[in-house]
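Trainee: We have chain L already, so just place chain A on it with the hints.
Which chain is which? The protein sequence lines are L and A, in order. If you want the numbering used here, it's the position in the first sequence, counting the first as 1, plus 14. If you want the numbering used here, it's the position in the second sequence, counting the first as 1, plus 14.
Some clues are possibly wrong.
Copies of the same chain look alike in the list, so a pair counts if it fits in one copy or across any two.
Said to hold, decoys possible - In silico DSS-like cross-links for lysine-lysine, where the CA-CA straight-line distance does not exceed 30 Å: (1) 469 - 607; (2) 565 - 293; (3) 620 - 607; (4) 601 - 528; (5) 528 - 38; (6) 569 - 620.
Since the hints were made in silico from the structure, they are not lab data.
There are 2 protein chains.
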Amino acid sequence: MFLKRWLVGDPLKSAQAAHQRLSKRLALAVFSSDALSSVAYATEEILLVLIPSSLAFAHFSIPISVMIILLLAILTLSYSQIIFEYPGGGGAYTVSKSNLGEWPGLTAAASLMIDYVLTVAVSVAAGIAAITSAIPALFPYRVVLGVFAILLVLLVNLRGVRESGKVFAVPTYMFIGTMLLMLAVGAFQLLFGQLTPVVSQSVAAQTAVESVSLFLLLRAFSSGCTALTGVEVISNGVPAFRPPEPKNAVITMITMALVLGILFLGISTMAYHLGILPKDDETVVSQVAHAIFGEGVLYYLIQGSTMSILVLAANSAFAGFPRLASLLARDGYMPQQMELMGDRLVFSNGIIILGVFSCLLIVIFGGDTHALIPLYAVGVFLSFTLAQAGMVRRWLGKRGPHWRKKIIINGIGAVATAIATAIIASTKFMHGAWIVIVLIPILIMMFRGIHAHYKAVSDQIALDRRGSRPPMPRRNIVIIPINGVNRAVIRAVDYARSRPGEVRAVLVDVDPEKTARLEMQWAQWGCGVNIVVLPSPYRSVLTSLLDYVEKLLEKEPDTWVTVVIPEILPARWWQNILHNQRALLLKASLLFKDRVILTDVPFHLKR
Amino acid sequence: MFLKRWLVGDPLKSAQAAHQRLSKRLALAVFSSDALSSVAYATEEILLVLIPSSLAFAHFSIPISVMIILLLAILTLSYSQIIFEYPGGGGAYTVSKSNLGEWPGLTAAASLMIDYVLTVAVSVAAGIAAITSAIPALFPYRVVLGVFAILLVLLVNLRGVRESGKVFAVPTYMFIGTMLLMLAVGAFQLLFGQLTPVVSQSVAAQTAVESVSLFLLLRAFSSGCTALTGVEVISNGVPAFRPPEPKNAVITMITMALVLGILFLGISTMAYHLGILPKDDETVVSQVAHAIFGEGVLYYLIQGSTMSILVLAANSAFAGFPRLASLLARDGYMPQQMELMGDRLVFSNGIIILGVFSCLLIVIFGGDTHALIPLYAVGVFLSFTLAQAGMVRRWLGKRGPHWRKKIIINGIGAVATAIATAIIASTKFMHGAWIVIVLIPILIMMFRGIHAHYKAVSDQIALDRRGSRPPMPRRNIVIIPINGVNRAVIRAVDYARSRPGEVRAVLVDVDPEKTARLEMQWAQWGCGVNIVVLPSPYRSVLTSLLDYVEKLLEKEPDTWVTVVIPEILPARWWQNILHNQRALLLKASLLFKDRVILTDVPFHLKR
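Isolated chain L (complex conformation) (with noise of 0.2 Å):
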């Protein structure tokens, strides 16, 4: 408990949960490091592909990058109607199971479940990937630092990060910034030649033009579409915003498109300009930095900067799963836990369950970027799909003004974003989608399996419509199990005449001998509660104790039978093996009988 405080802090009142609204400079820094980030690997990630066929496939990561360019804007458009639409916020879970069901609703709740851990897993990878081109000498051990930035991340969400909207700023900025630096100081360096391509001549001269496969462009275009998650975070936090909400939300995300579409158009160009091909132990982005900045302060900043919004990036699924959590479990598709906040405000159960798998990812992975990628995009892109066609199923539904052009809109995202999701599906399939692909089936059937669940037990509990009670016995008769007469069997009859009603002692008669020694103290200090010796003919204690209840229970069907323990609870926990296990066969052996309740009356021992 002491341990849990000093790591976690001192509970919160719930009023403190109101939260200030956000301005626009920092709902842009909160809610879009998830999609910024991905900069960081997206070029690599579509060059990993094209290269190893040919080096003259190169340049094939510019029509690709215009194309991914091109679906966040389809996007950007279609999300913002989702924002005037949802002013609560509008996930993808709540739009396509209010607008399209419960299947498609599960189906979006259980790809986003997936991309919450992937979002966790993929962005420390990155983040770290970011850390050991900076610094070789810790590239042997990124599983560890990407485990320890995890944990890292879990304990300050388990704190709360409530009031920490200032606090992503100062990174989110200040990649923006170095960023966009880094590139205008490139571009100027290649007009005026002062730059010169890293990639050798040599290298250069073997480009014969060779025919590209459709499948490797679709291909690398997956691996592009990573750029494009966690486009959609701002839908979900329209109330974290000033009035008007909408609107202020809506221009946030395409200032937040805009920047996100420069960034990776801006990256993609120059490190095909300088010819960078990508290495295991170095990332592009490194190596773009290394060729316009050298080994300079400027060169430390971008990595730095990269890591810090990687890791908010990380840290805003956080944010994302727990909620997500809570409303499955709010609808009963997810274990009732899910859906208490902690002490600190916070969906504590939840955050650490994303806490584990993430850092089972990096361990299995390696804590390697590459290896998650393929995993990545689908669930995202099969969300984005599902939230797109709900929009078009409730414009068909509600009509209202400019119904067509909303239709129009959100048609061509949901037919964009399926395309993408059918892409992505079937060129990563052997590389790591079809586990993604397995697991959202058997996540739905554990969301139905819980319902179900939930249901059951509410028909059975449910009180009568009609107002008539359930028939309860009204009789309650109190029997204290006994094997000597001393303060603690003292105690627990004391408190069974605490109120008024029968009672009985009941002694098992194993050792006759005994037996009349203990009736003769039970005469002094029973307190003229009566006593039943019982005989046991099988010296088993249990034996004749259940037998006697289970006679009781018979002879008076009206009556509950309260069953007394005294027990006695050690100092010290590794006592309890010095102690007759008796008790707790007994507690056992009468937990399913109906009509039956016990009652356990502690003595606890000082030493």
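Mentor: For chain A alone, kept in the frame of chain L given last:
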């Protein structure tokens, strides 16, 4: 439960415990397996010490055997006096505790406990060796076979073996009979020259005169002393004999000692004259039997009955260990559970512990008799010494007829066994005896720790001798924490109302809307029970409830607070994860509060 019935059998009535008295012939069979079976390995253990130094030393096995038989005679005489003095059964623990005090008593108890475990392990290992000598194909499986044999004996003992006196007679007399036949036939063949030594002339030619060290002889003597383990068994079982019990017991013991002496000396002599050397995969007894009977039926009969009597010896430890543990538990040196007889009139816990530890020994020592032997005799001889010394002390205090003669007899016994103990401990120390010498004080500390704890408990729960009762609260307020109005809650309310007194439902206000709805429902269903609504500034239901209980305890210093918890019990165990763990947390938090008593009212779900 069903499995237990099928394996262990139906419970037996206490009345069935009155065992029939044993005739001398049956008693010899029941009590002598431990002692007689040791001839199966004792000669071999002597040779194993002598031969590796020089083949010429083999002839020392004869005088060493004679020395051991002399010790046997002293022990038999000494134990006769114990039998007459302790007709109720005089184990080393009883004799040393009652005459020498607690420490020697516990030392004897610790030695005996270790020895029971070793008796099982050594006997089973030797029994399996008898089998693998006859069927070499089984040699690689000896560990598995040993564990299996122990589990079998364990199971038989959990069923109870009271009525099985006659079952013992067949293998014991078969063993005695076939062994005597073998020795007689062998002696006849040797005398009339039909049998030639197995050992080749070239080996015999090597036998130059070498000097033998005293240490080697003493070590061989130590190994041979394992022949005497089990001699004391009859003195524990005197009440099982027909009257006059002590006289019949002594006659039986003397008979046993004679048979043991003849067999042991016979096998040692025969092995020497046949020039038999110990082998890894065939026992000395098996080699002797092979030499005399060849491959015939009689050979297999010898091996089979050797295995049988060794299993019976292991079985005798399963009677002795739990009985000793129960004696120690009665005196407060072992956990109370050891004192309980199970359904089948046996001390089940002791039997299981013995089985587990002896299996462990078999596994750790690879089922190898020779590796276990150095651990074996130390404890036995230490307990012999303590018992004889106890008798000397007894005669000194009690005097009585012929007390000087009695002192001399037990005194010689005590000195002889003390010397043997010292020899064994020193010569075998490095080979494994150190384990036992380290374990004994650890066990003694454990006994004393347990005793101190029980003493502390009984002091704390003891009632005041002057007859004044400890002061206790007189009133009882029942509170029922609720978070809904349903059948489970109504059941708890009805239970609480089944005895007169103050009952309050307690509701923590986490969500004002829900609270208002519940209060309305309560008006309809609450049976007139007052409802208390608690504020919850920290949203923690638990904290609010604990605060309320604490304030109640403070305000009402003379009152029990009964917390009745409506609990939903799922139909399947894994569904527990889907139910709010709040009840569990609440119970854990309230368990250690004085005057707070918890009562679960379970609502059993059907599906």
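Trainee: Which of the numbered hints above does this structure break?
Mentor: 2, 5
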